[in-house]
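Student: Spelled out, the chains give:
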Amino acid sequence: MNPDLVAGAAVLEAIQATDKASALEEILGAAVQAKLVAKKDKAALLDRLHAREKLGSTGIGNGVAIPHVKGDEIGRVGLVVARSLPGIDYEAIDGRPVHTLFLLLAPTDKGQEHLAALKWISGLARDTDFRRFFLAAESAPAIRDLLLEMSGPA
Amino acid sequence: MNGDSICRATVTLGNKNGLHARPAYLLVQTANAYAASLKVGRDGMVVDGKSIMAVMMLAAESGAVLDLESEGPDCEDQIRAVRALIESKFGEDG
Numbered sequence: 434m435n436p437d438l439v440a441g442a443a444v445l446e447a448i449q450a451t452d453k454a455s456a457l458e459e460i461l462g463a464a465v466q467a468k469l470v471a472k473k474d475k476a477a478l479l480d481r482l483h484a485r486e487k488l489g490s491t492g493i494g495n496g497v498a499i500p501h502v503k504g505d506e507i508g509r510v511g512l513v514v515a516r517s518l519p520g521i522d523y524e525a526i527d528g529r530p531v532h533t534l535f536l537l538l539a540p541t542d543k544g545q546e547h548l549a550a551l552k553w554i555s556g557l558a559r560d561t562d563f564r565r566f567f568l569a570a571e572s573a574p575a576i577r578d579l580l581l582e583m584s585g586p587a
Numbered sequence: 012m013n014g015d016s017i018c019r020a021t022v023t024l025g026n027k028n029g030l031h032a033r034p035a036y037l038l039v040q041t042a043n044a045y046a047a048s049l050k051v052g053r054d055g056m057v058v059d060g061k062s063i064m065a066v067m068m069l070a071a072e073s074g075a076v077l078d079l080e081s082e083g084p085d086c087e088d089q090i091r092a093v094r095a096l097i098e099s100k101f102g103e104d105g
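So the protein sequences, as listed, match chains A and B. Going by the working numbering, the letters in the first sequence line up with residues 434 to 587, in that order. Going by the working numbering, the letters in the second sequence line up with residues 12 to 105, in that order.
Isolated chain A, as found in the complex (with noise of 0.2 Å):
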């Protein structure tokens, strides 16, 4: 897993959402406001990430969600990782709320990029210990370094 990519996110300690639509677009303007995408791409963008929950939840289960989206108007592969500790009513896959919902963003053309990221995801939302540290940080730094720890080696 590239470090780049963790230590470049936005990071969000506790988001006022409580339910899948607002959970998106929160997340999706902290990614403006980090500068990780465009505001005024901003609408557009938002329209796919709900475009694709359609096709089937980005729940993976586990209380844990990564909606994504590609586009040619994303210069670089760009991650926002947010916490709900109440949960996010998300449709996910297993039923249960979401807590922790990593966005991943992504130019069209970094298919591999976006694989790696969705495997180190996948790999997190299996560890116990990961969801466990990850719902006990005490904020958004500390949030960061428990997954830049958890970025190591593939």
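Calculated directly from the structure, the hints in this document are not laboratory data. Even for Gly, the Cβ is constructed at its ideal location relative to N, Cα and C. Possibly wrong hints are sitting among the right ones.
[Unchecked claim] Part of the chain A face toward chain B, derived, beta carbon under 8 Å:
no.	residue
1	Gly489
2	Ile493
3	Gly494
4	Ile499
5	His501
6	Ile507
7	Lys543
8	Gln545
9	His547
10	Leu548
11	Leu551
12	Ser555
13	Arg559
14	Thr561
Assemble chain B onto chain A, guided by the hints.
Tutor: Relative to chain A, chain B alone:
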């Protein structure tokens, strides 16, 4: 009864974007429609084909060769369905 049958197949991923989230989900959904267990192997890594998180751990790109091993009374049907799904490129691209 004396043991379940084992069925195997080797399939090459042909869709452009590889085994990303949606194809992984479709594969797992297809596998779970059958009683048989499914193992998916790639370059020596073998994972549970009924778990989306496990399948995404393969990070299999287009052109990757997947070894399927199904064990159970309906293994033939399961392998046939999973192979058909992969060969259809998950309905993604031409």
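Student: Now tell me, hint by hint, if it's right for this structure.
Tutor: Hint-by-hint comparison with the structure:
1. With 8 Å as the threshold, the beta carbon of Gly489(A) comes within range of chain B, its nearest partner Cβ sitting at about 5 Å, so the hint holds.
2. The beta carbon of Ile493(A) is positioned within 8 Å of a beta carbon in chain B (closest approach about 5 Å), and the interface hint is therefore held.
3. For the restraint placing Gly494(A) at the interface with chain B, the shortest Cβ-Cβ distance is roughly 7 Å, inside the 8 Å limit, so the hint holds.
4. Contact between Ile499(A) and chain B, as hinted, is supported at the beta carbon level, the nearest pair being about 6 Å apart and thus within 8 Å.
5. Contact between His501(A) and chain B, as hinted, is supported at the beta carbon level, the nearest pair being about 7 Å apart and thus within 8 Å.
6. Interface hint status for Ile507(A): violated, as the beta-carbon distance to the closest one in chain B is roughly 15 Å, over 8 Å.
7. This hint is violated: Lys543(A) has a C-beta 11 Å from the nearest C-beta of chain B, more than the 8 Å allowed.
8. Residue-level restraint check for Gln545(A) holds (minimum Cβ-Cβ distance to chain B is 6 Å; threshold 8 Å).
9. With its C-beta approaching chain B no nearer than about 6 Å, His547(A) sits inside the 8 Å limit, and its interface hint holds.
10. Here the hint on Leu548(A) is kept, as its CB sits about 4 Å from the closest CB of chain B, short of 8 Å.
11. Because the beta carbon of Leu551(A) sits about 5 Å from the nearest beta carbon in chain B, less than 8 Å, this interface hint is met.
12. A least Cβ separation of about 4 Å between Ser555(A) and chain B falls short of the 8 Å threshold, and the interface hint therefore holds.
13. Contact between Arg559(A) and chain B, as hinted, is supported at the beta carbon level, the nearest pair being about 5 Å apart and thus within 8 Å.
14. Interface hint status for Thr561(A): violated, as the beta-carbon distance to the closest one in chain B is roughly 12 Å, over 8 Å.
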